[in-house]
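Student: Keeping their order, the protein sequence lines are chains A and B.
Taking my numbering, I'd label the letters of the first sequence as residues 5 to 114.
Taking my numbering, I'd label the letters of the second sequence as residues 26 to 140.
It is worth saying that the hints were derived from the structure and are not from the lab.
Beta carbons: idealized from backbone N, C-alpha and C, even for Gly.
Among the hints, erroneous ones may be present.
Said to hold, decoys possible - Each pair of labels, with its calculated beta carbon distance range: (1) A/GLU81 / B/ALA121: 44 to 54 Å; (2) A/GLU18 / B/VAL140: 18 to 28 Å; (3) A/GLN23 / B/ASP88: 40 to 50 Å; (4) B/PRO86 / A/GLY32: 15 to 25 Å; (5) B/MET64 / A/THR27: 14 to 24 Å; (6) A/SER73 / B/GLY122: 40 to 50 Å; (7) B/VAL78 / A/PRO114: 46 to 56 Å; (8) A/ARG63 / B/ALA27: 36 to 46 Å; (9) B/VAL37 / A/SER73: 39 to 49 Å; (10) A/THR61 / B/ASP88: 37 to 47 Å; (11) B/ASN76 / A/GLN29: 29 to 39 Å; (12) B/MET64 / A/ARG63: 21 to 31 Å; (13) A/ALA20 / B/GLN42: 25 to 35 Å; (14) A/ASP56 / B/ALA121: 35 to 45 Å.
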Amino acid sequence: GQSLEQPSEVTAVEGAIVQINCTYQTSGFYGLSWYQQHDGGAPTFLSYNGLDGLEETGRFSSFLSRSDSYGYLLLQELQMKDSASYFCAVRVSGFQKLVFGTGTRLLVSP
Amino acid sequence: DAGVIQSPRHEVTEMGQEVTLRCKPISGHDYLFWYRQTMMRGLELLIYFNNNVPIDDSGMPEDRFSAKMPNASFSTLKIQPSEPRDSAVYFCASTAGQTGTYGYTFGSGTRLTVV
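Using the sequences provided together with the hints, build the complete structure.
Tutor: So this is what it looks like as structure tokens:
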């Protein structure tokens, strides 16, 4: 089976930097994805790491260490609109199947 | 592109009734997924299709649930008979397998309430 662990909640202030960690235990790991979901909305794709290292997309970066079964999402220059839930998801086979973590609720305050 | 389109947005039904949820994936996407989201269990994969063929239905909770994809532009998820514990938000998502980014596009979801 698969298990993913994320903190349930993280708080930060506007303009700050926050890191959301994800550790996983899976068989047949192929990659780690991150999704954002606002309350009442649908998950939206942020990033994918298939190899070790850092991927940067604007204010968001994602990191993967396959040897440590660990990844993180880094959000810089936080804005109020970044308040949302963030999910890590592992690709567990050569197919497209993703298994999602339980999500981290990020609260950004003024 | 209009994105992934799901209908209805909200559904309230009585226990024992049949419920059909509908999904239109993004044109050209060859993978379609059905997920269920609840506070207790998070986002659970129910079933997914590749080129209209079901690949993995191990997440379908029981025989009351069935899914079909008769063509590349339409899929249904049916619950018969429905039970209160089926209350959840059901998401459909699609992706193009050849992009390599493994990024799903989710529909807006159907919020199902079974009373």
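Student: Hint by hint, note whether the structure agrees.
Tutor: We went through each hint and held it up to the structure:
For the pair A/GLU81 and B/ALA121, the beta carbons lie near 31 Å from each other, so the given range of 44 to 54 Å is not met. Our hint of 18 to 28 Å for A/GLU18 and B/VAL140 is violated, since their Cβ atoms are close to 41 Å apart. As the Cβ distance of A/GLN23 to B/ASP88 is approximately 44 Å, the hint placing it in 40 to 50 Å holds. At about 23 Å, the CB distance of B/PRO86 to A/GLY32 agrees with the hint of 15 to 25 Å.
Taking 14 to 24 Å as the suggested C-beta distance range, the pair B/MET64 and A/THR27 conforms, at roughly 22 Å. Under the hint 40 to 50 Å, the C-beta atoms of A/SER73 and B/GLY122, about 25 Å apart, miss the expected range. The given range of 46 to 56 Å is respected by B/VAL78 and A/PRO114, whose C-beta atoms sit roughly 50 Å from each other. Between A/ARG63 and B/ALA27 the beta carbon distance is about 28 Å. The supplied range of 36 to 46 Å is therefore violated.
Checked against the hint of 39 to 49 Å, the pair B/VAL37 and A/SER73 passes, with Cβ atoms roughly 42 Å apart. Taken as a hint, the range 37 to 47 Å holds for the pair A/THR61 and B/ASP88, whose Cβ atoms sit roughly 42 Å apart. Distance hint for B/ASN76 and A/GLN29: a CB-CB separation of about 31 Å, consistent with the stated range 29 to 39 Å. For B/MET64 and A/ARG63, the Cβ-Cβ distance of about 29 Å falls inside the hinted range of 21 to 31 Å, so the restraint holds.
Checked against the hint of 25 to 35 Å, the pair A/ALA20 and B/GLN42 fails, with Cβ atoms roughly 49 Å apart. The hint said 35 to 45 Å for the Cβ distance between A/ASP56 and B/ALA121, and at roughly 25 Å that hint is violated.
Violation of the numbered hints given earlier is confined to hints 1, 2, 6, 8, 13 and 14; the remaining hints are satisfied by the structure.
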